[in-house]
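Got chain A sorted already, so can you dock chains B, C, D and E with the ligands onto it with the hints?
Residues per chain are reported as follows:
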Amino acid sequence: AVPSIKIGVQVPITGAYADEGQGIEKAVKLLAEEQNAKGGLIGRKIEVKVCDDEGKASQAAICARQLVDDGVVAVIGSYTSGAALAAEPIYARAKVIQTSDGTSNKLIEKGYNTWFGNAPPNSAEAKFTAHYLVDVRHFKHIAVMTDHSSYATGLAAAVIKNVEADHGDIVDKSYINASAQNFTPILTKLKSMHPDVIYFSGYYSEGGLIRAQMVQLGMKATFVGGDANENVAFAKIAGSAAKGAIIINVPAPQDLPYPAAKRFLASYKAKYRELPPSIYTLTNADGMRAVMQAIEKTHGVKPTKIENYLHHMKEFDGLTGDFTWNRRGERIGTAFTAFEVQGNGSYRIVYPKPKAG
Amino acid sequence: MSLLDIADLRVNYGQIEALKGISLTVSKREIIAILGANGAGKTTLMRTISGLLLPRSGTIHFDGVGITKLGADRIVRRGIAQSPEGRRVFGTLTVLENLRLGGFTRPHGEIAGSLDFVMSMFPRLAERRGQFAGTLSGGEQQMLAIGRALMAKPRLLLLDEPSLGLAPIIVQAIFRSLRQIARTGVTVLLVEQNARMALKLADRGYVLEVGRIVLTGEADTLLGSSEIQTAYLGGERSDGASLLS
Amino acid sequence: MSALLELQGAGISFGGLHAVDDLSFAVEKGHIVALIGPNGAGKTTVFNMITGVYRPTKGKVCFQGQEITGWQPHAIARAGIMRTFQTIRLFPAMSVFENVRAGGHLRAQQYWWQGMLSLPAQRREETALAERTHEILCKLDLDRFANEPATSLPYGVQRRVELARTLAAEPKLVILDEPAAGLNDAESSALNRTIFGIRDSGITVLLVEHDMNVVMNVTDHIVVINFGRKIAEGNAAAIRSNPQVIEAYLGRDENEAENVT
Amino acid sequence: MGTFIQQVFNGLTVGGIYALIALGYTMVYGVMRLINFAHGDLCILGAFIGLTMLTSTAGSGHPGPALLLLAFVVAIVLVAAAGVVLELVAYRPLRKADRLAAVISALGASLLIENGIMLIWGPEVAVFPSGLLPRITWHAAGASISFVQVMIIVASIFLMAALYLFVNHTRFGTAIRAAAIDQDAARLMGINVNRVIAIVFVIGPTLGAVGGLFIGIYYREAYFTMGWTYGLYAFIAAILGGIGNIPGAMLGGVLLGLFNAFAAGYVSSSWQNAITFALLIAILLVRPTGLLGERVAEKV
Amino acid sequence: MDAKLKPLSQSVSIKGDTLFSRRIGLKGARRIAGGLWVLGLFVPALFDNAWISIAAIFAIYGIVALSEDIILGRAGMFDMGHAGYFGIGAYVTAILNVTFGWPIFATIPFAILVSAGVGALLAAPLIRLRGDYLLVATIGFNAIFVLAMRNNLGGITGGSGGITDIGVPFLFGFQLASQSAMFWLDWVVLGIVLVLMRNLDASEFGRTLRYLKQDELASTTLGVDSRMVKTLAFAIGAGLAGLAGTLFAVQISTVSPSSFVFTESVTLFAIVIVGGQGSIPGVLLGTALMFILPQIFRDFAQYRYLIFGFAMIAVMVLRPQGLWPQRSVRA
Ligand SMILES: Nc1ncnc2c1ncn2[C@@H]1O[C@H](COP(=O)(O)OP(=O)(O)OP(=O)(O)O)[C@@H](O)[C@H]1O
Ligand SMILES: Nc1ncnc2c1ncn2[C@@H]1O[C@H](COP(=O)(O)OP(=O)(O)OP(=O)(O)O)[C@@H](O)[C@H]1O
Ligand SMILES: CC(C)C[C@H](N)C(=O)O
Ligand SMILES: [Mg+2]
Ligand SMILES: [Mg+2]
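As they're listed, the protein sequences go chains A, B, C, D and E.
Anchor point for the first sequence: position 214 equals 252 in the numbering used here, and the numbering is continuous, going up by one each time.
Anchor point for the second sequence: position 52 equals 1468 in the numbering used here, and the numbering is continuous, going up by one each time.
Anchor point for the third sequence: position 200 equals 227 in the numbering used here, and the numbering is continuous, going up by one each time.
Anchor point for the fourth sequence: position 43 equals 187 in the numbering used here, and the numbering is continuous, going up by one each time.
Anchor point for the fifth sequence: position 21 equals 848 in the numbering used here, and the numbering is continuous, going up by one each time.
Same shape as in the complex, but just chain A (with noise of 0.2 angstroms):
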């Protein structure tokens, strides 16, 4: 028989951001059994090896080894940029494509060619970020809180810098403990700087207690997360109170206006009865399928011709838009968008305004 391909998925299956990594897995597996129903890729089965990095650092090399050993051609994931980070130089080395949605701009520093975002960098959404504090909401005072993760930290650094170029006066910035649970201290000590917003660039998991301890506190300042704030979750946590959070990303699942996602979505549901946690299991998905596409071209699993194949392809048609792939592997041609929290945990696009019709 023809052997398979095999294709890995690094993701946090349990720990934090469980939901996110089990999204993308479900995500991927939906693809891979799609692909085979339809008779396989170039004639051969796909087969999907999982393995949980627990969103840690550790975890996640331990992961790639196990993943490198299996044989795998191209793995997607991890969720968390840590995760991807320290799984990224041992694909390097074994030549296994890897393509996720970190966005921490250290993933693309090294110059690995089978590195892979799936998402728009954070330079990129830490420009638009300040543009946004600065120019279009015209904050005072800004303060800016971060976790310790590779990704917030970077992104937190990214959009000061950004911030300060626009003349914007930071007045604060602290870090806070991912998986901690109590922030009434930090934030009493900002409310007494009396900050007209509060940017927190770290995970939705911490923002959503964040922004309702803030209510809680009768904290006035307006609260803007970053991107890994977009999940579901983020107005469960804060309940009331997430009403009239502000959170940047790319645009989210249901704002997808083209025809192939909300196909995907359809078929996500119809399978897993739920929608996905966040755009993230969409951008993933991009990224299998991107895979899938080149081995198809290629007809093979040579990892330089796949590389080469995503390196130069042209307006590769996602589910959350079209893109390509510059030679770092920055993902090229996406908008951000900055959106509200409703009361009723959906999302409402308020910047840039959406055009009528």
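Since the hints were made in silico from the structure, they are not lab data.
Computed from a predicted structure; not experimentally measured.
Please note: incorrect hints may appear among the correct ones.
Here are the simulated lysine-lysine pairs, DSSO-like style, with alpha carbons at most 30 angstroms apart [said to hold, decoys possible]: (1) A:K165 - A:K274; (2) C:K166 - E:K1040; (3) B:K1436 - D:K240; (4) A:K87 - A:K64; (5) A:K309 - A:K258; (6) A:K148 - A:K274; (7) A:K391 - A:K352; (8) B:K1616 - D:K240; (9) E:K1040 - C:K199; (10) D:K240 - E:K1040.
Among the chain C residues that face chain E by a calculated CB cut under 10 angstroms, a handful are [stated by the list, open to error]: (11) I103; (12) R116; (13) R128; (14) A129.
Here are a few chain C residues that sit away from chain B, every Cβ distance over 10 angstroms (derived from the structure) [what the hints assert, rightly or not]: (15) S40; (16) H58; (17) G64; (18) K70; (19) G97; (20) L133; (21) A173; (22) D247; (23) H248; (24) A259; (25) E260; (26) Q271.
Think of the CB as a built atom: it goes at the ideal place given N, C-alpha and C, for glycine as much as any other residue.
Using the frame of chain A, we list chains B, C, D and E with the ligands on its own:
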């Protein structure tokens, strides 16, 4: 009528058989001395009667009722209290709390009276009533252990080497009180190394050897027996324990 | 000749309690000295002060003319004082052999890294240590228990093991806290001979004991304390007839058993 | 000033929760010398059970506080039952063994409960319904304190005091303390040690379930690994106060909460835990058995 | 009189077991252990890369667990922060190699010395603490260490993502890049550590640790300088853990705080107890169970820790002394 009736009791520590078929009877108001060399199984016997060890076979009857399989706490409620080897006082509780615990099974109202009795028997305990038992001297702890057992107002009092570590004057006092206590209707089972004193006090005695009863009789007879004389009362030992000389 | 061990006005208090107060006495080299007194008189506390387990709050302790007040226990051991405990303290998960070998700790010269590298000098020393331990076990008639777990043995044997452990350190002074407790008369007579044997091998002995069979028959000198203070001092005959000692400690008659009935 | 007062309340709220959990640690430790590493997970089990009650009764038309009370009762009963079973299965067989064996058994139990929770309730964050309690917030001198916070602080003080009185001023309490020191000797006093231990394993988890549910109500979320984190902090609180000592656990919990608040609020939020731990170590160096721990010298 | 008195000398039973026969037993066990180690050398020839890397990880964690056992199993000090020392070694190697370009082998002495130094420095004041209080203090140390690494202490630890892309060791001009080569390196170091541990147990210092564990007061009155000995035990344990840290950094090629968190210390602690305190084969068996099984049973994904927790309880209840307890007298 016999108060305590033990038949063919066998007790093991893992593979080691510590009691190899012990039978004995104790009548009401008797004072019984149990003698035996180190490791003979005296403590094992006491612990088994109290229910801290489960025998492998054999039976124990107290006042006609089988208590062989009863838990230690239920046995106390039936009227058997023990002052254990090694004293086992509650170190981080005060002397007073220790004594009160001795009366744990008794109605609240009766405790005060017993406290007075014990404190008059051991005035040192009254002086030290607020001190943590763990910081008492060895002898003071021994007094506390005996006093605590008395607090239960038992019908059968088990004393495992009560004279251990006590000054001669206290030992005399304790043995005098034991006689008094026995007169009030308490039966006493006494393990002692101080064989002479124990046999002077006791009505009858048993001699244990490697888990078996090897000798029993009236205390006076035992005191006069040559075996007891040589083995326990200071005669020469055959065993080569005369050392470094 | 000056005393081997000397206490000068030593005292310690716990909270408000003066457990030992202004106590002075001396132990001459080569003697067997007993410290006696009622329960709670402070005897064990005195031992604890001498061996550094407690730090005296008053006075001085001198050993071989050198002040050792407040030294750490291990330093005092190094100076040549070894002790046993009122409640036996053997290493519970070790055999008799291993327990006694532990006494030779101070005799071992090896450094930790020599041990880890198993250098020849270290191995030679190990053999010597094992041989010496066996000698002591034989001397105290413990050789047949050598491989028994120490704490499952009968009480009397455990006491002897503890004694052997102190002797393995080749001390100048051994301090014994109630060595005869739990022994019957026959056994305590045997203990008397052991104590003489220790003295004859050149080691000074200081002991606490309530067993008059031991105290009156082996000691060269007796110190009596009550409430932490010395109330009498002298040889056996003198102490036996001292009214204060009789009243506080011995009771009406030393051969007290007769008086019980 | 307002900021300071606010920080005190911030600390007290969390400290109260730590204290409730720490009391359970200290009780079990006191009697069995066992660090019950599964205690934190039992607490969070309480939170999840309570959550299930709340979501399944939501919309039944009964008033919020009544539903909340029901949730507390059910959580307490089930968690206490789990505690007793745990003792029976994982700890009782090890009573005579090296105490570390029981500690490892407790770690195993912790993993078991934690992952059991994950399998039942899923690995994602579970969110509590809002609006169960009056949304009252008091504002004074620039500080805000909510009804939930007051409830947590008051309840933990009340439960601690009740427990203290029970343990130190009742016969049964003395029995608990006696069993804590020497089980065989306690049995010789007529104390049913098995029952004492079973009751301790009812009291500890009961307080834990209350603490766990408070966490859920206060933060409005629960997830399966949370028990480990809270358990660790509560254990540290118990040690800080002197493990085995009831007011100590309370004091330790509150201090830990305050340290956390002040470290994050006045020094550095990113070094918050380091500062807290450094303070903890410093305190232990000065008082090696905790603030209120027993200091009975070993008598030889 | 119902029986005759027997001579007293029979009142104590004497077991036939002699020191000599025990020695044979011990030697036999050592031969088996040595044989297994030699067999291990053939792992790369017989298994695929997945298994070789599991074997390499086993060797590394085996060393850390053995070093924890010096402190916990032998000296009886509750060290629940051991992953910290392991981490120090790994970070020293990572920083020297990645930031300063040192060859891996040159970093080893520093990894050992820095960990040992921190171990000694911390232990010196902390060993006054007993039992659970020491346990919490060491947890505290571990937490502080992890936080310091997360906070990118001095700008050299790389924050929570840690340091990636650690190089491979060179030996006599050969690059030990393949998984088999790395495995042999780990395996040889494990062998050396095993010999050191065995020697330790047979030396006065090793015994002194056990005296302290069983009765500190009695030990000090026998002349044991407990402070010094305990500090030294911490230093040696920490130093060996640091050595393993180097190997870990090389094997995983990434160091990050999450590898050295308190939970890892708990696992190390558990290995020693599950395997058998003070027992070399026990600790290795414990390592195999606690670190390797979860790796092998990855396919059980969600159930694996549930099963694992259940197994921990079962092992302790059925074998409270550990799977392979130290050969000692049974009390
Ligand atoms: N916990 C135990 N485990 C194993 N063996 C034990 C245990 N306790 C006692 N033994 C053994 O059982 C036998 C009887 O011991 P026991 O303590 O009953 O003797 P005893 O007559 O009270 O001696 P002593 O005069 O020393 O108090 C001894 O051989 C002893 O070694
Ligand atoms: N650590 C301590 N804290 C408080 N009191 C103590 C402490 N140690 C000893 N004591 C008290 O000091 C007194 C002397 O105790 P010590 O143990 O020295 O007596 P002893 O003479 O050895 O008595 P025994 O013959 O009964 O052993 C006792 O009253 C005891 O309660
Ligand atoms: C999926 C995203 C929330 C991940 C985040 N942007 C990161 O790089 O870690
Ligand atoms: Mg006995
Ligand atoms: Mg004494």
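| query | Which of the numbered hints are not met once you compare them with the structure shown? | reply | 5, 6, 8, 17 and 18
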